[in-house]
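So the protein lines, in turn, are chains R and Z. Under the working numbering, think of the first position of the first sequence as 2, with each following residue one higher. Under the working numbering, think of the first position of the second sequence as 17, with each following residue one higher.
Derived from the structure by calculation, the hints contain no laboratory data. Hints are all accurate, no fakes.
Facing chain R, according to a computed beta carbon distance under 7 angstroms, are these residues of chain Z, among others: (1) A57; (2) H71; (3) L72; (4) V88; (5) L167; (6) F168.
So the derived label-pair ranges between C-beta atoms look like this: (7) R/K185 to Z/L86: 46 to 54 angstroms; (8) Z/V95 to R/A18: 34 to 42 angstroms; (9) R/K168 to Z/F168: 49 to 57 angstroms.
Positions of the beta carbon are idealized from the N, C-alpha and C atoms, including for glycine.
For reference, the chains in residue letters:
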Amino acid sequence: MSKKSSAQDRADRAAAALAEQRRKERRRTFLSVTGVVLVMVLILGGGFLAAKLKGGGPSDTAADPGSGTAMTIGQASAPHSVVIYEDFLCPYCGELEKRTKDGLTTAAADGKVQVTYRPFRLLSPDYSQQALEVWVATQHTAGNDVAKKLHDLLYANQPSEQGPFRKQSELVTLAVQAGADQAKVQQAIDSGDATTWADASTKAAQDAGVASTPTVLLDGKELSGRTVDDMATKLLQAVS
Amino acid sequence: MPRYVLPALAVLARLVTGVVWIWAGASKLSDPYAAVLAVRAYQLLPAGIADTVGHLLPSLEIVVGAALVLGVLTRGAAVVSALLFLAFIIGISSAWARGLQIDCGCFGGGGFDPNAASKYPWEIARDAALLLMSVFVVFVRDTGPGLDRLLFRRTAPILNEELS
Chain R
2 MSKKSSAQDR ADRAAAALAE QRRKERRRTF LSVTGVVLVM VLILGGGFLA
52 AKLKGGGPSD TAADPGSGTA MTIGQASAPH SVVIYEDFLC PYCGELEKRT
102 KDGLTTAAAD GKVQVTYRPF RLLSPDYSQQ ALEVWVATQH TAGNDVAKKL
152 HDLLYANQPS EQGPFRKQSE LVTLAVQAGA DQAKVQQAID SGDATTWADA
202 STKAAQDAGV ASTPTVLLDG KELSGRTVDD MATKLLQAVS
Chain Z
17 MPRYVLPALA VLARLVTGVV WIWAGASKLS DPYAAVLAVR AYQLLPAGIA
67 DTVGHLLPSL EIVVGAALVL GVLTRGAAVV SALLFLAFII GISSAWARGL
117 QIDCGCFGGG GFDPNAASKY PWEIARDAAL LLMSVFVVFV RDTGPGLDRL
167 LFRRTAPILN EELS
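Throw the hints in and build the complete structure from the sequences for me.
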């Protein structure tokens, strides 16, 4: 128990003090890095939320943001009015379309009803949105009759909700088949106009409180039905 | 080469990339919907993801820019900066290759632009230069003065074996 061991003691104490100091340093570094990262994440989250709240939808300059893009058949003077909100991917919309297309077309031609179709995006951000964009681009560049043909073609060729889905370029081909000008439709899509119009339609449907598809308004009142069959039957009875 | 050259170059690279980021982010901040449309115009991401990216990108750009200018977590910010520039180069090249005529939306704006094709080469060159600067900051030994020096200040003595 001599000089040697007390020197050893001192060295041990010094090493322990150093280790303690380093432990503190690591802890301080860890805390400050965590703090900085936290601040960054907060700024990011705040910016993201602000952007989302401020402008998820079309800007105020969008044309006719109140009502969106629609297509009508029949005269406004007809005794009945029907509004159909639909999504190009929704299977029940396809079903309703199949059962009412001919009946409504005939009734409209006979002056018994005016039908307003209001497609919007409820379901998929991909196919529903792309089909809607091609459709609004067609309605804006080729008019009501071509839009009606494309509308019927889109439902006749409706994919299953699980896919496989046509690409947007193939949907443009359908629009051309309906009678639209490919260059004009493509231009509306590439320029972002189609997106603006499509989003305006979707916003209009949301503003109108439409939360499911198909939503059918018969003379301003929502048509209810247990099944799509039921709805189709009621609708056709009412207008024929 | 004098010892201060590399850190001085690193500071220059940090300032240039950082200021470009802050400028790019700030010019998108006022119109989030335009930022979303600019991302969608590339037709690369599904709409849902494109919207999120459009909403997130402006603040991310400002945070990355501020971190580079102030020198906070400098190397990490430079990694993010390099990845973003790489993504933008891929996006613009892909738009060019697919024949899209869109404004890159780099500093606000976005969407259709009839003169876009003539601007693509210059935009890609600019982003490539900024990418190189970011990569330089990632790998340079001393990134220059910044808040990191406070953040990672050493209080314990450095032992000899650690220096080897």
